[in-house]
Amino acid sequence: MAYNLKENVMKEDRLAGGHRMCAGCGSPIAVRTVLRALNPEDHAVVCSATSCLEVSTFMYPYTAWKDSFIHNAFENAGATISGVETAYKAMKKRGKLDETWKFIAFGGDGGTYDIGFQSLSGAMERGHDMVYVCYDNEAYMNTGIQRSSSTPHFADTTTTPAGSVVPGKLQQKKNLTKIMVAHGVPYVAQTTFIGNFKDITEKAHKAIYTPGAAFLNVMAPCPRGWRYPSEKLMEVTKAAVETCVWPLYEVIEGKYILSYKPKEKKPVEEYLKMQGRFAHMFKPGNEWMIEQVQKEVDRNWEELLKLCEL
Amino acid sequence: MGIRERLSGNEAVAYAMKQINPDVMGAFPITPSTEIPQYFSTYVDNGEVDTEFIAVESEHSAMSTCIGAEAAGCRAISATSSCGLCYMTEMLYVAASDRLPITLAVSCRALSGPININNDHSDAMGVRDCGWLMLFAETNQEAYDNYLQAMRIGEAVSLPIMICQDGFITSHAIENIELVETEKVKEFVGEYKPQHFLLNKDEPMAVGAYATPVYYMEAKRQQAQAMMDAKEVIKKVGAEFAAMTGREYGLIEKYMMDDAEEAIIIIGSSAGTAKEAIQNLRAQGKKVGLIKIRSFRPFPAEDIAEALKNVKAFAAMDKDDSFNAHCGPIFAETAAALYAAGISAPKGINYIYGLGGRDVRVESIEHVFAELEKVAATGETGETYRYLDVRE
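These protein sequences, in sequence, are chains A and B. According to our numbering, the first sequence holds residues 2 to 311 in order. According to our numbering, the second sequence holds residues 5 to 396 in order.
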């Protein structure tokens, strides 16, 4: 059935309103959209790594999660959900349940690219029937905007402050999506919030209903860490896609498929200038930083086009 | 009647696991507990159990998968040693706080560094305040018997439980053992029927909340209550086990304590060595005895105080050190137990012994009793914090 935004948003939300996440944050949007991709009749167990998302949605005695939910620790959402999924297999085998359950883990980039990387890699390699969704906001936002391996080059964070000697983060962003592809899992995709949410919704549905382990990397901006006005969230994600900073693609059984190719690739300035974390790059004398980022984006984009055989 | 066999401690525990046929095992190899998941994988791959085995990439993930599986509504088990237990420590606290009765077999081993694969109790004692029930075994038979009782105890109070034995000394040594028939085991252990669980289509459940200062302390108080309640449960399950097998288990075992004037308090396999020493000394007319701690968590404070109240001198034997320039954990908790009971007459000293597999001989224990005899005779303890059989 063709995607229809109106019909999609009529589905009941599986993350209730009234949670404590910030206005203009990408994380709960990613969660609600991914959960909406579940067939309404299917049960789910959702796991969250320790993160803004977890502490803001499950503060005792309240929970915003309508599905069964488990939070364990910061670095082990992959292992935890794989334990739940294995329990499902065990109970099904022993005739203790017969309904269909799906297993979805959410982690921020800190809990996914960094401290939770081993646990995630183990879960992917073992091939549990699960989806791991990284809501990537490119720093440790819950503890107050410290750099992660997902933080982009030159970004100003509280552990890579743009100083008079060191101009922000000195390293490029780790390409986790490709690392997940290297695990040989059947479905990996990179997405964000664009237009009518067709891209993320369809990818989430594929990720959930592809048997085996799947990984979804969702760019989910943080207004406090990235320093953009809350209402500009969708403009930031759009600029990330139009400049090819965050390309939309999926990898099905190892085959790369580009989801969207901008008619005219925009210069990176258009994305960088919207965000306070890159403000220092626009000071006179720092033009080289923007040029450097442009080179890196171009290189990654060309590589991706080759992988997609375009 | 039971089945007579010859098994190592690791195989005995793996065999108990096979008889119980739990739902999920998540485990990672580490010496000396490696054999347990090895034996168990063989049972899985030969269809002798239908447990789902998760060969995880670390001990941290082993305990994380167990937490996920147990919360989902399953019986989940694991096995580990030493640094592996350290590595899962963070998750041990979560398992206890989530009130998940996971069963963990521990073949105790020294901690790095220096790196060492042999037995002491540094690993288990290092996690003694995580909120887990902890039973220790002297022999292979006890390791097996404790394992069969573990789930009954843990599930009754909703706390996870560690079944500890001494690495290599019992884990790898083969001893005669009497196994319980599998049908009897299944009947004794029973089915796991959690009240609330994740995979319940009629009632969604949320596990692992963020608790502010308004609620955190009540959660901890409930854990404390469960640990207190566990004392009676351990005794009750032990009595039922005795009715089935004739082998009796309580919180402690008293050996020649009725008229003892000097006693040692000890845990694990060295109790066997100590019993030999006590027999020798008794033959010489010396009134010596032993208290073996089976349940370290909950700590049998009342039972120990009661057993020690009439002795003149005792030595608490710690197979690890707290590095507090003062004493090991058994001495500290024994002293606290006596103080809480208002008993001040017995003189106590502490020995740190057997670290990193340092051999504990009958003569070593006889030396401890010789020292205790001096303490009893003079009423002077001298230095209370002592290392046994060490080059100074």
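Among the hints, a few may not be true.
Only some residues are given here: those of chain A computed to face chain B with a beta carbon under 10 Å [what the hints assert, rightly or not]:
no.	residue
1	ASN5
2	LYS7
3	ASN9
4	MET22
5	CYS23
6	ALA24
7	TYR63
8	PHE70
9	ALA78
10	SER83
11	ALA88
12	ASN197
13	ILE253
14	TYR257
15	SER260
Think of the hints as simulated: they come from the structure by calculation, not from any bench. All C-beta atoms, glycine included, are put in the ideal place defined by N, C-alpha and C.
Results of checking the hints against the structure:
1. For the restraint placing A/ASN5 at the interface with chain B, the shortest Cβ-Cβ distance is roughly 28 Å, beyond the 10 Å limit, so the hint is violated.
2. Interface hint at A/LYS7: violated, since its Cβ lies 28 Å from the closest Cβ of chain B, which is beyond the 10 Å cut-off.
3. With 10 Å as the threshold, the beta carbon of A/ASN9 stays out of range of chain B, its nearest partner Cβ sitting at about 23 Å, so the hint is violated.
4. Look at A/MET22: its Cβ only gets to about 13 Å from chain B, farther than 10 Å, so that hint breaks.
5. Against a cut-off of 10 Å between C-beta atoms, the interface hint on A/CYS23 is violated, since the closest Cβ of chain B lies about 16 Å away.
6. For A/ALA24, the suggested interface contact is broken, since its CB lies about 20 Å from the closest CB of chain B, more than 10 Å.
7. The beta carbon of A/TYR63 is positioned within 10 Å of a beta carbon in chain B (closest approach about 9 Å), and the interface hint is therefore held.
8. With a cut of 10 Å, the hint placing A/PHE70 at the interface with chain B holds, because the nearest CB-to-CB distance is about 4 Å.
9. The beta carbon of A/ALA78 comes within 9 Å of a beta carbon in chain B, closer than 10 Å, and the hint placing it at the interface holds.
10. Look at A/SER83: its Cβ gets to within about 6 Å of chain B, closer than 10 Å, so that hint holds up.
11. Hint status for A/ALA88 relative to chain B: holds, with the closest Cβ pair at about 3 Å, below 10 Å.
12. A hinted interface residue such as A/ASN197 counts as satisfied when its beta carbon comes closer than 10 Å to some beta carbon of chain B; here the least separation is about 30 Å, so the hint is violated.
13. Among the interface hints, the one on A/ILE253 is violated; its C-beta lies about 25 Å from the nearest C-beta in chain B, farther than the 10 Å criterion.
14. Interface restraint check: A/TYR257 against chain B, minimum CB-CB distance 27 Å, threshold 10 Å, status violated.
15. Among the interface hints, the one on A/SER260 is violated; its C-beta lies about 31 Å from the nearest C-beta in chain B, farther than the 10 Å criterion.
Of the numbered hints given earlier, the model fails hints 1, 2, 3, 4, 5, 6, 12, 13, 14, 15; all others are met.
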